[in-house]
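*Asks:* Note that the protein sequences, when read in sequence, are chains A and B. Just so you know, my numbering puts 332 at position 332 of the first sequence, and the rest follows in order with no gaps. Just so you know, my numbering puts 204 at position 204 of the second sequence, and the rest follows in order with no gaps.
Do not take every clue at face value.
Said to hold, decoys possible - Facing chain A, a subset of chain B residues (Cβ under 8 Å, in silico):
hint, residue
1, L5
2, L65
3, Y67
4, H196
5, Q200
6, D215
7, G244
8, P247
Hint data in this document are derived by calculation from the structure and do not stem from the laboratory. Glycine residues also receive a C-beta, built at the ideal position from the N, C-alpha and C atoms.
Protein chains: 2
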Amino acid sequence: MGRALLTDLYELTMAASYRRRGMDASATFSLFVRDLPPRRGFLVAAGLDGCLEFLDGLRVEDDDLAYLTLAGFDRASLEALEGLRFTGDVWAVPEGRMVFAGEPLLEVSAPIAEAQLTETFLLNRITVETTLASKAARSVIAADGRDLLDFSFRRTHGVDAAMAVARTSAMCGFVATSNVEAARRYGLHVAGTMAHSYVQSFGDERAAFRAFAEDFPGRATFLVDTYDTASGVEAAIDVIRELGLEPPLGVRLDSGDIDALARTARRRLDEEGLGEVRIFASGGLDDVDVARLVAGGAPIDGFGLGTRLGVSADAPSLETVFKMVEFDGRPSAKFSPGKVSLPGRKQVFRGERPGDDVLALRGEVAPPGTEPLLVPVMARGTRIGPAEPLQAARERFEEDLERLPEPARRLVDPDAPRIRISDELASLAGRVQDGAR
Amino acid sequence: MGRALLTDLYELTMAASYRRRGMDASATFSLFVRDLPPRRGFLVAAGLDGCLEFLDGLRVEDDDLAYLTLAGFDRASLEALEGLRFTGDVWAVPEGRMVFAGEPLLEVSAPIAEAQLTETFLLNRITVETTLASKAARSVIAADGRDLLDFSFRRTHGVDAAMAVARTSAMCGFVATSNVEAARRYGLHVAGTMAHSYVQSFGDERAAFRAFAEDFPGRATFLVDTYDTASGVEAAIDVIRELGLEPPLGVRLDSGDIDALARTARRRLDEEGLGEVRIFASGGLDDVDVARLVAGGAPIDGFGLGTRLGVSADAPSLETVFKMVEFDGRPSAKFSPGKVSLPGRKQVFRGERPGDDVLALRGEVAPPGTEPLLVPVMARGTRIGPAEPLQAARERFEEDLERLPEPARRLVDPDAPRIRISDELASLAGRVQDGAR
């Protein structure tokens, strides 16, 4: 089975219709986010690598056609789809860059049937990864330099999503993931401690901690809240002393009043001369919780973030769209109420800081002191250059984050920058709209 | 690569530790939801088939061990994991049944290392599918007999999640999905119309509708809002007349005031003697919107639900947990603040209606007039019977929905039933908690 069925039926329907009719002129589709969710002051572009990998392998194969026969496609439509593969060009914002409402993350130009057929998958991939990267970025802002770990695998929307959380959180600066397959696949640090069941199975915290330290020397982080956190901390202290354990060492708090428990744990560990034992917190935390704990001065060295990171709970999706902006050399747009799109192939020129942006037509000359965000990434169906390491995206993210204006950076009630529209684009939009009337 | 790395690191760590120590006694873990989200009055059990398929193929393979070597596992741990596969028993609530907070959806009993290693994947699978099925079920209640279509693929959390939405929405009674691969994989009806870009590419609605009807006779549903809905409806009427099109025929409204536009469209179609042309609505709708439109009498025959269904936007996750309730023949529990679990293998005895439930120990005799919800589905690592058709789950769902009490069924401010706990279970919980003090 090829990838051609990883789509909505209507993409195949339209592709067949275009090819039956010999409509093979080039179309450009622009993928952008209409409006940011209320809780987002910026987005982090992500998912491009998966898109390119998909386009690279996209072709209609015989068994796809066999299924479409069952689904009611007639001979003419099947023949029209036969041999279809992606031969177009793609421009995109590189992963890790910050983007805002209205800015294309990606533009596809190809014979209209091919371009249309990419819609569903490209939207899916960019939406999920950009959603997740943007949530992870907020956690990084919240943690203000403390370690962050991705603990989300158990409650993401499937395995695919778990991989995306691990990948995008690493892109934004998380130090490790608990997801072993993601760590293998993307070359990430993998981390983890023990579950409550481990402590329960020994029936006694000291026995459990002792066994764990013996079996995994150098990885001893003890989960201290199975019965009562204060006595769990004492058990950890006893075992560290008794076995003469050396750092790295840690305790993990997973329930209760994390702020108060972290302070008590820190005090007790310090009293015992165990200043090097690190304190980790987990248990339903998200970026806003982390920011509160950090701002309040809770002595926590690292946070394990799970479900609310993994599903981007406060904004689980984005208003991404994939709109035709040019066909057969003519700019095109749509004027449905509340869903107007701007015609023409685009470029975003960025000034000093993220959000200091001008949305323009691709052919425009860059205003002085700006750089273009969209770059060519695929030409005539072939990727330009090899897939890049995740580190490259991470560096771009860090650069953008450093320059992000405070109103966009705020976790609560952020103000996203409003991007400007170039005169040329505004004038083209006016002409196209007048033409449609 | 086997499936053994589709897990959190700590599961492998603990599994290795148990096996190094010869701790091979059987443990039972219970998978349940602590509390329902505020907007949920019931949940629909789903994901079991994927869990059984995973367990069936779960084994630690050589290349898994090779990666774990890189991840820092020492020789003793690698040897301990070698050859591990799942040899345990599973009881579960069949897919499609309604369940409530505290009720196990699944219980795994196996040598502790094996049982532990299943945690991450089983939680992931049950959580995503139960989340999505429960959201789809609300849509079915809202639609009150009108057709529902899954249009979510483009904005689900990955391809895996898109398949889960298609599968679980079909389980709850959706008539079709736009997701072609899901339709192929699960034997579903596939449906779809055209995008705005199709209309744009012809530059003229009538030309686009005409071409579509010619290429796909018998599937002509026209998207009428690319420029202006009222004139789009007129164009559809003209093309239907001009080509003498026969049903099935439809128009799709995708923006603006859907209620008003549907009434105008219905009136115009009826005036033209086209009473058989159906009206479909889409465009960011969710269950509450559907309920409002249906209650207000909007003449809409079918709804295409996308993003908010696909990510379960108002409750994108569930508080699922996987807790050890028995080890080596002894009941076990956890007493962390706010996270207390009940000891012992469980059964749920259901009376007349969903929610009329008693949470009990597995060995208890069913109270008169009740039926047990959990049934054995895997024995000694082997599935009991073949995978069942989705239709079986759908029938169970329909039966439960019919008997669901109104407070749980409400879409806004539902009251989920509070299940009772059997005397035997309450007494065991007391004894275990006393023992832990």
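*Asks:* Each of the hints needs a verdict: does it hold here or not?
*Replies:* Verification of the hints:
1. L5: This hint holds: L5/B lies near chain A, its Cβ roughly 4 Å from the closest one there, short of 8 Å.
2. L65: violated (12 Å)
3. Y67: Holds: closest Cβ of chain A sits about 5 Å from Y67/B, inside 8 Å.
4. H196: holds (5 Å)
5. Q200: holds (5 Å)
6. D215: holds (4 Å)
7. G244: violated (19 Å)
8. P247: For P247/B, the interface hint is violated, since the closest Cβ of chain A sits about 16 Å away, which is over 8 Å.
Violation of the numbered hints given earlier is confined to hints 2, 7 and 8; the remaining hints are satisfied by the structure.
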